[in-house]
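Novice: Chain A is fixed; fit chain B onto it per the hints.
Residue numbers (the numbering used here), protein chains in the order written: chain A, 3 to 264; chain B, 3 to 264.
Among the hints, erroneous ones may be present.
Claimed, not checked - Restraint ranges, calculated between C-beta atoms of paired labels, are given here:
1) Ala92(B) - Arg13(A): 31 to 41 angstroms
2) Arg184(B) - Glu45(A): 47 to 57 angstroms
3) Pro176(B) - Pro62(A): 43 to 53 angstroms
Simulated from the structure, these hints should not be mistaken for laboratory data. Ideal Cβ positions, reconstructed from N, Cα and C, are used throughout, including at glycine.
There are 2 protein chains.
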Amino acid sequence: MKTSRTIAETRSAIGSADDIGLVPTMGALHAGHLALLEAARDECEFVVATIFVNPAQFGPGEDYERYPRDEEADAEAAAQAGVDLLFVPAVEEMYPEGFRTWVEVDDTGGHEAEARPGHFRGVATICLKLFNVIRPTRAYFGQKDARQIAVIRQLVRDLNLDLEIRVVPTVRDPDGLAVSSRNAYLSPSEREQALALPRALAAGAAAYRQGKSAVEAARASMNGLQVDYIAEEIDGEERMLEAAVRVGRTRLIDNVILEGDS
Amino acid sequence: MKTSRTIAETRSAIGSADDIGLVPTMGALHAGHLALLEAARDECEFVVATIFVNPAQFGPGEDYERYPRDEEADAEAAAQAGVDLLFVPAVEEMYPEGFRTWVEVDDTGGHEAEARPGHFRGVATICLKLFNVIRPTRAYFGQKDARQIAVIRQLVRDLNLDLEIRVVPTVRDPDGLAVSSRNAYLSPSEREQALALPRALAAGAAAYRQGKSAVEAARASMNGLQVDYIAEEIDGEERMLEAAVRVGRTRLIDNVILEGDS
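If we strip away everything but chain A, and leave its shape as in the complex, we get (with noise of 0.2 angstroms):
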């Protein structure tokens, strides 16, 4: 596996390979980093990770100081997976002085864009840049991102983008907590109170089978988590149901897919 820090290198680094999958990460690789590497490693010929704490997609107050960064262990983690080229931009030259371009992907970030004002702004612009940086043939993303996908996929066909967006289930903990690199932020006794949080949206989905509100239903079953949103959202012909809860300082997404493909 081959790293590389700058634009420049990494071009050079692809040269001229073609069918290329782009597992872009903030690092602080997991078991849901993995199926993402593991997909693409399946599916293409030439496989690129990135590892870039995007600051523009934190809002003021979030965690981009303390967000968890280990290079080492994600590089080993990647070389393992099968990664051809791990691109670990610097700050510096993904926002030089002077940037001023932003993409705009409006009315999809639902729930989680009003939680996060600017975020998903900031996602759709750094995931511009890598495609552009690495042009991929297919990009891969987790299912707990679920908004994240929406926004990407509305942008890759409203920009014309010649690239498959590839969406890889919600890999679960046993306990049946999402994969999150936020995860390392719980105390034992946080993370247990977390867990109402996939289990209200288990208790959702079961209303929902049976012709009641997945929403009243999860939303009774939080067991005293403080709620940010719970809500259906419909992206083409998947309704999933999303929630984001509060646990001590951490902040938690999931969702399960009511009805639909994946």
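Specialist: Below, chain B alone, put in the same frame as chain A:
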């Protein structure tokens, strides 16, 4: 010369060509466009011209409906200029139902951006879409649209597009008026009045060379034209004197370089 009307046809016609020159136009081709096509023909192996009157860059009450359209004459001119592929997209494919992704380049459009809210958002978005469909090596723009060039250059830099922006000097009629599709709107007497615009800019440039205010000298030479703005703008090494005026119902822009490269 081939003509394509869909993105799929365009991608198929381009195939594996590289070293592609793109000349994006709104049609009504004039000597200014021909200079762009000539530069592209000189420098690139495969030349693509596009004709698309982009509704997103026209404001309410502007001239989208009456903007001149003559595809037959344009195709003839493009073929004679050695264009390999003429892409004439449909509004319905470029802005399908549900389109909602926009590119904003902040703080770059200067007085022109203030005078035409939303204009450069429309320009930036359509240019990025065309870049993504055509993947050009170089794209050609005329110096007359100086703010547009500044916006597109900033977009290319910030979004990490692997693309060179080439600027071709403004083409002028023998009387000094910069050629523009909108000159077709002018009555003979309006055209006579409009000549005050290039003369005022020349007066501004002469004053600047003598250490005086270019803006004041230009303003004093506008000869009764209704001035939207006269302003100096600086881009990197270049300092320009730019103006927009109204002659009857017609809005015209022009500029001269006071100092710098081109």
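Novice: Could you run down the list of hints and mark each one as holding or not?
Specialist: For each hint, the structure was consulted:
1. Ala92(B) - Arg13(A): 31 to 41 angstroms: 34 angstroms, holds
2. Arg184(B) - Glu45(A): 47 to 57 angstroms: Since Arg184(B) and Glu45(A) have Cβ atoms about 50 angstroms apart, the given range 47 to 57 angstroms holds.
3. Pro176(B) - Pro62(A): 43 to 53 angstroms: 58 angstroms, violated
In summary, the structure is inconsistent with hint 3 from the numbered list given earlier, while agreeing with all the others.
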